[in-house]
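K.L.:
Just so you know, the protein sequences line up as chains A and B, in that order.
Take the first sequence: its letter number 47 is residue 45 in the working numbering, and every next letter is one higher.
Take the second sequence: its letter number 22 is residue 23 in the working numbering, and every next letter is one higher.
Hints were generated in silico from the structure; no laboratory data involved.
Backbone N, C-alpha and C fix where the C-beta goes; we use that ideal spot for every residue, glycine too.
Treat the hints with caution; some may be incorrect.
[Stated by the list, open to error] In silico EDC-like links for lysine to aspartate or glutamate, alpha-carbon gap of 16 Å or less: (1) B:37 to A:84; (2) A:40 to B:70; (3) A:40 to A:98; (4) A:55 to A:69; (5) A:40 to B:59; (6) B:37 to A:61; (7) A:81 to A:61; (8) A:40 to B:4; (9) A:94 to A:16; (10) B:68 to B:17; (11) A:94 to A:-1.
[Unchecked claim] Covered stretches of chain A, as calculated for chain B (at least 3 residues, CB under 8 Å): (12) 6 to 20; (13) 78 to 86.
[As the list claims (entries may be wrong)] Chain B side only, calculated, beta carbon under 10 Å to chain A, not exhaustive: (14) 24; (15) 34; (16) 96; (17) 106; (18) 107; (19) 109.
As a plain string of letters, each chain reads:
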Amino acid sequence: EPEVTQTPSHQVTQMGQEVILRCVPISNHLYFYWYRQILGQKVEFLVSFYNNEISEKSEIFDDQFSVERPDGSNFTLKIRSTKLEDSAMYFCASSKDRGELFFGEGSRLTVL
Amino acid sequence: GEDVEQSLFLSVREGDSSVINCTYTDSSSTYLYWYKQEPGAGLQLLTYIFSNMDMKQDQRLTVLLNKKDKHLSLRIADTQTGDSAIYFCAENDYKLSFGAGTTVTVRA
């Protein structure tokens, strides 16, 4: 069964460093998303991406964040200069239409 | 804005039914979802319901939707220890808005 895959599963970084989280969405899906979940809190929407551009972003998704689809398969989330409060589980998701979202297993980011 | 509310905890005896409740605010949501998250794992879609339906049954899972009251519930019949997890209700206006999650603990 097709699935969304994310790498790395866990990344530890120093405050101020750049981090890139990678996702391979399901191949025939057109809509791509990043969500995050700070430990013990709810899952929060960050950004959605369609037709090679951001279609919506939340107030969390500030200038420190960017997304890119560098080729036909990968969808990346970059955090330019990480802060302690960026520590969270980051989930990538994709969907064929604006209906059912399929989530990856998540990438846990720990900022020290 | 969207706001999805859930009770935070539910404890249920193995073999009993679990009912998890959720209220939402966005009446334009086309789909409403239930996701399951086991410890340290990702989000697993359990089931979803179209907003023009009142009920959907899928094996041990029954989803009830009351659009008038904007109330969604998930019933798990014959709850098993493997059902222990956090259950998230979510609504979509193409991006998902999640509730805080209900932690379900199944006791023997």
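K.L.:
Next, verify each hint and record whether it holds.
P.N.:
Going down the list of hints, with the structure as the test:
1. Distance restraint check for residue 37 of chain B and residue 84 of chain A: the Cα-Cα separation of roughly 24 Å exceeds the 16 Å cut-off, and the hinted pair is therefore not satisfied.
2. Using a Cα cut-off of 16 Å, the hinted pair residue 40 of chain A and residue 70 of chain B is violated, with the two alpha carbons roughly 23 Å apart.
3. A C-alpha spacing of about 19 Å is found between residue 40 of chain A and residue 98 of chain A, which places the hinted pair above 16 Å, so the restraint is violated.
4. Among the hinted pairs, residue 55 of chain A with residue 69 of chain A is inconsistent with the structure: their alpha-carbon atoms are about 21 Å apart, more than 16 Å.
5. The straight-line distance between the Cα atoms of residue 40 of chain A and residue 59 of chain B is roughly 26 Å, outside the 16 Å bound, and the hint therefore fails.
6. Under the criterion of a C-alpha separation no larger than 16 Å, the hint pairing residue 37 of chain B with residue 61 of chain A is inconsistent with the structure, at around 32 Å.
7. With a CA separation close to 13 Å, the supplied pair residue 81 of chain A and residue 61 of chain A stays within the 16 Å bound.
8. For a cut-off of 16 Å, the pair hint linking residue 40 of chain A to residue 4 of chain B stands: about 12 Å separates their Cα positions.
9. In summary, the hint linking residue 94 of chain A to residue 16 of chain A is not supported, as the alpha carbons are separated by about 30 Å, beyond the 16 Å threshold.
10. This hinted pair does not check out: residue 68 of chain B and residue 17 of chain B have alpha carbons roughly 27 Å apart, beyond 16 Å.
11. Restraint check for residue 94 of chain A and residue -1 of chain A: the C-alpha separation of about 15 Å stays at or below 16 Å, so the hint holds.
12. Counting residues of the stretch 6 to 20 of chain A whose CB falls under 8 Å from any CB of chain B gives 0; the rule of at least 3 is not met.
13. Proximity of the stretch 78 to 86 of chain A to chain B, defined as three or more residues with a beta carbon under 8 Å from a beta carbon of that chain, is not established by the 0 residues found.
14. For the restraint placing residue 24 of chain B at the interface with chain A, the shortest Cβ-Cβ distance is roughly 15 Å, beyond the 10 Å limit, so the hint is violated.
15. The restraint placing residue 34 of chain B at the interface with chain A holds, with a minimum CB-CB distance near 8 Å, inside the 10 Å limit.
16. Taking 10 Å as the C-beta contact cut-off toward chain A, the hint placing residue 96 of chain B at the interface holds, the least distance being around 5 Å.
17. Hint on residue 106 of chain B is violated. Least Cβ distance to chain A is approximately 16 Å, over the 10 Å limit.
18. With a least beta-carbon distance of about 20 Å to chain A, the hint placing residue 107 of chain B at the interface is violated under the 10 Å criterion.
19. The closest approach between the C-beta of residue 109 of chain B and any C-beta of chain A is roughly 26 Å, which is over the 10 Å cut-off, so the hint fails.
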